[in-house]
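There are 2 protein chains.
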Amino acid sequence: MKISEYGEFKLIEKIARDTIYDSQRVVVGIGDDTAAEKVNPGHLLLSTCDALVDGVHFLLDKISPRQLGRKGVAVNLSDIAAMGGKPTSILITLALPRDTAVNWVEDLYVGIKEMCSLYKVNIMGGDMVSSPVVSISITALGEVKPENLIKRAGACVGDAVMVTGPLGDSGGGLEIIKRGLEKEPYWSKLVEKHLNPIPQVLEGQYLAKTGYVTSMNDISDGLASEIREISEASRVGIELWEERIPYSSLLLEAAERLTISPIKLALSGGEDYQLVFTCKSNRVKELMKSFTREFSRELYLIGEIKPAEYGIKLRSIDGQCKELLARGYNHFA
Amino acid sequence: MKISEYGEFKLIEKIARDTIYDSQRVVVGIGDDTAAEKVNPGHLLLSTCDALVDGVHFLLDKISPRQLGRKGVAVNLSDIAAMGGKPTSILITLALPRDTAVNWVEDLYVGIKEMCSLYKVNIMGGDMVSSPVVSISITALGEVKPENLIKRAGACVGDAVMVTGPLGDSGGGLEIIKRGLEKEPYWSKLVEKHLNPIPQVLEGQYLAKTGYVTSMNDISDGLASEIREISEASRVGIELWEERIPYSSLLLEAAERLTISPIKLALSGGEDYQLVFTCKSNRVKELMKSFTREFSRELYLIGEIKPAEYGIKLRSIDGQCKELLARGYNHFA
Chain A
2 MKISEYGEFK
12 LIEKIARDTI
22 YDSQRVVVGI
32 GDDTAAEKVN
42 PGHLLLSTCD
52 ALVDGVHFLL
62 DKISPRQLGR
72 KGVAVNLSDI
82 AAMGGKPTSI
92 LITLALPRDT
102 AVNWVEDLYV
112 GIKEMCSLYK
122 VNIMGGDMVS
132 SPVVSISITA
142 LGEVKPENLI
152 KRAGACVGDA
162 VMVTGPLGDS
172 GGGLEIIKRG
182 LEKEPYWSKL
192 VEKHLNPIPQ
202 VLEGQYLAKT
212 GYVTSMNDIS
222 DGLASEIREI
232 SEASRVGIEL
242 WEERIPYSSL
252 LLEAAERLTI
262 SPIKLALSGG
272 EDYQLVFTCK
282 SNRVKELMKS
292 FTREFSRELY
302 LIGEIKPAEY
312 GIKLRSIDGQ
322 CKELLARGYN
332 HFA
Chain B
2 MKISEYGEFK
12 LIEKIARDTI
22 YDSQRVVVGI
32 GDDTAAEKVN
42 PGHLLLSTCD
52 ALVDGVHFLL
62 DKISPRQLGR
72 KGVAVNLSDI
82 AAMGGKPTSI
92 LITLALPRDT
102 AVNWVEDLYV
112 GIKEMCSLYK
122 VNIMGGDMVS
132 SPVVSISITA
142 LGEVKPENLI
152 KRAGACVGDA
162 VMVTGPLGDS
172 GGGLEIIKRG
182 LEKEPYWSKL
192 VEKHLNPIPQ
202 VLEGQYLAKT
212 GYVTSMNDIS
222 DGLASEIREI
232 SEASRVGIEL
242 WEERIPYSSL
252 LLEAAERLTI
262 SPIKLALSGG
272 EDYQLVFTCK
282 SNRVKELMKS
292 FTREFSRELY
302 LIGEIKPAEY
312 GIKLRSIDGQ
322 CKELLARGYN
332 HFA
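So the protein sequences, as listed, match chains A and B.
If you count by our numbering, then the first sequence holds residues 2 to 334, one letter each, in order.
If you count by our numbering, then the second sequence holds residues 2 to 334, one letter each, in order.
These aren't lab readings, by the way, just hints derived from the structure by calculation.
Be a bit skeptical, because a hint or two may be false.
Which residues of chain B face chain A? A partial, calculated answer using Cβ under 10 Å [unchecked claim]: (1) Leu53; (2) Asp55; (3) Ser131; (4) Gly320.
The beta-carbon is built from N, C-alpha and C at its ideal position, and this holds for glycine as well.
Chain A with its partners taken away, still in its complex shape (with noise of 0.2 Å):
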């Protein structure tokens, strides 16, 4: 049945129930001019916007709504997670057209709902309006202790460079996407960290509770694009040790069999939302050893901040620096 049969107050009452994963910050959720919540004393209050839109940032026929739910929140709670923060809350406004299944809009809620429930996020308010395009647009808010707060900028001269995770999987998926290979059984794990991305929500709150952490980024737009930004927030330059960079083995065979690059992949691919970040030197062996401790997975060691002068290179596996000139994707060009 179409929303514009079943009626829109009605699917709203629908998706509106269960939205609460934290009942104890909720004074008015969904239902009233606007939300209201408690907030934990001494925290600083963290907010953050992104907006999905079809044939721009994903393609109807190629992600399932549940997918897209998901991985509304996830991209906004990735920022959260980047700043060293807990989300706490989300708004979302949809935007459909008016022949939308209601089936559709219940099973995107579905994803939503799964994300949200996963990290006790809240659902606290919504939109929904009619529009000739789908597009998914969420506001994340979160907390974070000032001391605990960790922005792009704060990278110093000799601070390593590290990453939570493998980079290269999200772009590798899209890759096999764009050639119609995604139903494939042998490419589906691919093609899931593509659609169903997982931010790293406990990772960036514990990395920066540690305090060892000086700048941190998710990697939404491609690790060059990441580093060029803490680059520049934190004025200094940085070395990228190409040979460091972690692959999994699932993009490693895809890129034999496909002949794509790997280290394009990770570089300008997107959309993995590992955390790249910089780490005092001599704290990087008991931060990897502690984190391992913590989440069964190793953190990687991939460069070097350097002197602004020095600029943003990529110190190939030959041993040749190159200037690194990729940036990050570009919607309008």
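For chain A, the structure is supplied; the task is to place chain B on it using the hints.
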């Protein structure tokens, strides 16, 4: 020049300037993964989002970008006002076609910033995405002391129903636009009421602080729909008095010359962004006096809260009571 020629990043850099009007709160503004701000101890965090879509909420050729920017902010601040809150911050997601003129976006931001500067609301973040359809989706954040929070629930039998100003002006303005008369200078003031609504930000906070107000709503969808929400949330009935509903002389004139019905516009026209609220009956006179002293304008007593079984009725000028059936605007109908 179009955005696609000018460059997305250059444009964002341009509009991200001068976005802070209360610098005391801001720890991290635009330009990191998320914004970070201080919150007032002992306050609740308020959050709301509202989107405006071309062809649905506005027509690009009937509203200037500056008006659209003001209105996009105003409709969100109005929701914060309706809780008795002080708006503190907004985040803006703009969806724009690639060939949108850079000038148009700059003018939009002139309007956004005018409204923000008026109430010292910081622009803390945003996202700009390409889309075939122009839309502006805003999240507003605010704060309120728990004792001043006014919900839709709270109205009690015997309470007075009141509004902060004349109704129907915005609906009248829209009617004039629909009839293609908006260029006639004679109607410009009424058209302005539709295109440039003023949220009752200070009024809402003032009313909440008196302690006499038991429930409140902003009039975005027409009086009938708003009092129905109060009735449902408070589980009470409501009697509205037709002869007491306030109109501007502008609207009465337009009503006569264009044969439109003021009561219909007040009940279902929407977008007046006045506040409708309920007040303890023995405090009405005191509140009216003090409000007039504070704001040099009047409050209007327009009805009374009845027991739930009474329903929602309009007592017409001839003394007859009829059930009020009108509901809010349904986007997907």
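Hint check results:
no. : hint   : result
1   : Leu53  : holds, 8 Å
2   : Asp55  : holds, 9 Å
3   : Ser131 : holds, 5 Å
4   : Gly320 : violated, 33 Å
This entry does not satisfy hint 4, going by the numbered hints stated previously; all others are met.
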